[in-house]
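**Student:** Each chain, letter by letter, is given below.
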Amino acid sequence: MTPNLHLWLIPVLPLVGAAINGLFGKHFSRQTVAAIALGFSGAALVMALWIAALVSSFLPVVENLAPWIRAGDFQVDFAFYLDQLSLVMLLVVTGVGFLIHIYSVGYMWEEGGFYRFFAYLNLFMFFMLTLVLASNYLVMFIGWEGVGLASYLLIGFWFTKDSAASAGKKAFIVNRIGDFGFLIALFLMIKHFGSLNFVQVFRVVSGLPAEVASASLLTSIGLLLMVGAAGKSAQIPLYVWLPDAMEGPTPVSALIHAATMVTAGVYMVARSHAIFDRAPQALMVVAIIGTLTALFAATIGICQTDIKKVLAYSTISQLGYMFMACGVAAYSAGIFHLMTHAFFKGLLFLAAGSVIHAVGGEQDMRRMGGLRHHIPWTFWTMTAGTFAIAGFPPFAGFFSKDAILWRAYSSPYGSSVYWAIGVFTAFLTSFYMFRLWFLTFFGEYRGEAALSHGDEHSHAAKDSRAGAPAPHGHGSIHESPKIMLVPLVILAVLSVCGGWVGIERFDKFLSPTFHAGATAYSEEVAVATPAPQPKEQGSSEELFTGISVVAAALGLFLAWLLYYRRPQLPQEIAKALGGFYEAVVHKYYVDEIYAAVFVKPLIDGSTRVLWQGIDQGVIDATLDNSAEGAREVSDVVRHMQSGNLRSYAGWIAAGAAVLIAYMIWMGMR
Amino acid sequence: MVPLSYYLVLSGILFACGVTGFLIKRNIITIFMSIELMLNGVNLSFVAFAAQWHALSGQVFVFFVMVVAAAESAVGLAIIIAVYRTRGTLNVDQVDLLKL
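Chains A and B supply the protein sequences, listed in that same order.
When you line the first sequence up against the working numbering, it's residues 23 to 691, in that order.
When you line the second sequence up against the working numbering, it's residues 709 to 808, in that order.
This is chain A alone, in the form it adopts within the complex:
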């Protein structure tokens, strides 16, 4: 039998940390706050590792804590579910999360609101772990909304800055659109399957006869889930919040907006694979959205000058890869890329934070350059991350991206179009990442932090690190403290080695979740849906691998040519491209289009119709006018209540006289 694992402890530990820091942290010293935050998130990591070492043979484990909703046959419990998929997510979230916690101690040390930051960070860990451990969609939805909340709080961490506050709102509102789709999907499940429990839903879904399954129900559920995933994971058309989310502190960008939260959508799609497997149209939409997002975001990434914005678009693009993988039913490849991406993108963001830290808050790459001698540790770790994301062997990104590209071609749902766009995107990825790498670390230093003594500068800078001036001299370029470098090194090692496990072994590890759907949920399905067979095997796989490596190398070469060898060339190219270049620099004007098509009509409609028309014209007017009317009537009537006894007597006499006159008149009739 399965031992009692106390799975509930994993999410609850960070929650306790968040509660202590959030409620009492104001009175603690920074050391205490850091110790509490690190202690509780570290405990969650230890717990996750212990469980991982313990349970591999017992999976899946269901832990039912307490009943939540009971209404007739429908019931939802507070329950956790651990299988191979959630175990991978659990380790990624706790592992990367803990490393970023360590890093944050160094990065945020001089900031105001230190305790607030760590309380939010621990709160995020709680919700994210709830999300990945949930055993039904409703508990997952708690985590889903909760990470959105934590994301909102952390994006707007420097809430005195207008741009940060509105970026937080934007993220929250855009996510709300996705959550709406997710909720509708849940309602459909309750209506048609009578349950939200993963196991029960998937059993019903895989047991549905083929003509019902292929009907619109599963497709609409799948598409609505994809709307939710697109919101959370920043896919077209809901990706616009992620670049703005870079207003938050850099560790937040690393943890929430690169490594963990934004991958929740991928996790959700992979978790719901039983639904998507039987809804090919929905699956195709997932693949198309993923592919387009990968390409689209990568092209925007090329022209960004803000180091964090490049990484943000890169994240969107890489998430697109993961959806591409899920869309061709190669869930394990998607999750594999999710894991390696968590390593190298977390690393890249942290290294970028270290660079920003080094140059005193500057984020514009045009004002960096030649930093490799000043901050060697950051340089070498970032190099590892850059090579990993570009997909050079033997770095982690190579294995996962290669797996995705191969599956995109060879899977029964795949197509050579996905593959071609994927390879082109890989070339773009390599190009913009090495552009960032060359601009930041090579050439001449173009900033001013080293020359002018930089307190003023660091305040004027875009990151506006609103704390007290740094004690250890922000005046000159300096390497980050050890507490920031250790996580960088660990993540760099993971970015190098993380892919060596290989897609085959990873596939095999996850197969109980993905391929044994048949045996796990229902018997007859094994006949209904045969396991996907690759179209072709053998030497073509090596050829495809070769092509994607060449694409990456081409990107490196082009970046070297444009940004190292001939730094004036990019401007000439930009001039030659003219309008197209302008469009890319302005992110294809998507924000402007959304503002014109959705935001402005909504604001105008709300202002004119809802606010001035209905609220002021109807609701307020009804209230105001009835009050005014009552006042005016009273104004007349109150003169009768003079307090003069004689006038009262007069009224009584008059009334009596009228009464008598009436009676006399009645009598005379």
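It is worth saying that the hints were derived from the structure and are not from the lab.
Predicted model only: the values in this text are computed from it and were never measured.
Don't take every hint at face value.
To be verified - Have a look at the derived ranges for each label pair, beta carbon to beta carbon:
hint, chain 1, residue 1, chain 2, residue 2, range
1, B, Gly796, A, Ser656, 53 to 63 Å
2, A, Arg691, B, Val803, 40 to 50 Å
3, B, Lys733, A, Asp657, 26 to 36 Å
4, A, Asp657, B, Val775, 26 to 36 Å
5, B, Leu805, A, Val631, 57 to 67 Å
6, A, Thr644, B, Ala778, 51 to 61 Å
7, A, Lys48, B, Leu805, 53 to 63 Å
8, B, Ala778, A, Ala649, 50 to 60 Å
9, B, Val803, A, Ser656, 26 to 36 Å
10, B, Gly796, A, Trp673, 29 to 39 Å
11, A, Arg691, B, Tyr792, 46 to 56 Å
12, B, Ala790, A, Thr644, 52 to 62 Å
13, A, Gly689, B, Leu805, 43 to 53 Å
14, B, Phe771, A, Ala649, 49 to 59 Å
Stated by the list, open to error - Over 12 Å on every C-beta distance to chain A, these chain B residues come out as not near it, computed from the model:
hint, residue
15, Met709
16, Val710
17, Ile789
By construction, the Cβ of each residue, glycine as well, lies at the ideal position given by its N, Cα and C atoms.
Use these hints to put chain B onto chain A, whose structure you have.
**Tutor:** For chain B alone, kept in the frame of chain A given last:
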């Protein structure tokens, strides 16, 4: 025999005199007397009806009214004396401490 309507008209005149006096007079004693006049106007109609219909209850009512009027004048006159002692006036327009 004097017809009933004569009594009633006289009763109405007495009552109207009482009301008018109550409404227009300033002196508390006069007002007080006006009230008594109204009561007795009503009494007159009671006894007139009692005599007309040979019903004793009208006369019993009159006794009750007279008893109440006697008690009222005992209390009322005591109050008037107390008011005059403290305020030094019997003009009701000047006895207005309770008005806003």
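**Student:** For every hint, state whether the structure bears it out.
**Tutor:** Going through the hints against the structure:
1. Gly796/B to Ser656/A: 53 to 63 Å: violated (38 Å)
2. Arg691/A to Val803/B: 40 to 50 Å: Holds: the Cβ-Cβ distance is about 46 Å, inside 40 to 50 Å.
3. Lys733/B to Asp657/A: 26 to 36 Å: holds (32 Å)
4. Asp657/A to Val775/B: 26 to 36 Å: violated (46 Å)
5. Leu805/B to Val631/A: 57 to 67 Å: For Leu805/B and Val631/A the Cβ distance comes to about 59 Å; the hint holds.
6. Thr644/A to Ala778/B: 51 to 61 Å: holds (59 Å)
7. Lys48/A to Leu805/B: 53 to 63 Å: holds (59 Å)
8. Ala778/B to Ala649/A: 50 to 60 Å: holds (52 Å)
9. Val803/B to Ser656/A: 26 to 36 Å: holds (29 Å)
10. Gly796/B to Trp673/A: 29 to 39 Å: holds (31 Å)
11. Arg691/A to Tyr792/B: 46 to 56 Å: For Arg691/A and Tyr792/B the Cβ distance comes to about 51 Å; the hint holds.
12. Ala790/B to Thr644/A: 52 to 62 Å: The hint (52 to 62 Å, Cβ to Cβ) holds, given that Ala790/B and Thr644/A are roughly 55 Å apart.
13. Gly689/A to Leu805/B: 43 to 53 Å: holds (46 Å)
14. Phe771/B to Ala649/A: 49 to 59 Å: holds (55 Å)
15. Met709: Met709/B is indeed farther than 12 Å from all Cβ atoms of chain A, at 23 Å.
16. Val710: At about 22 Å from chain A, Val710/B clears the 12 Å cut-off, so the statement holds.
17. Ile789: holds (20 Å)
Violation of the numbered hints given earlier is confined to hints 1, 4; the remaining hints are satisfied by the structure.
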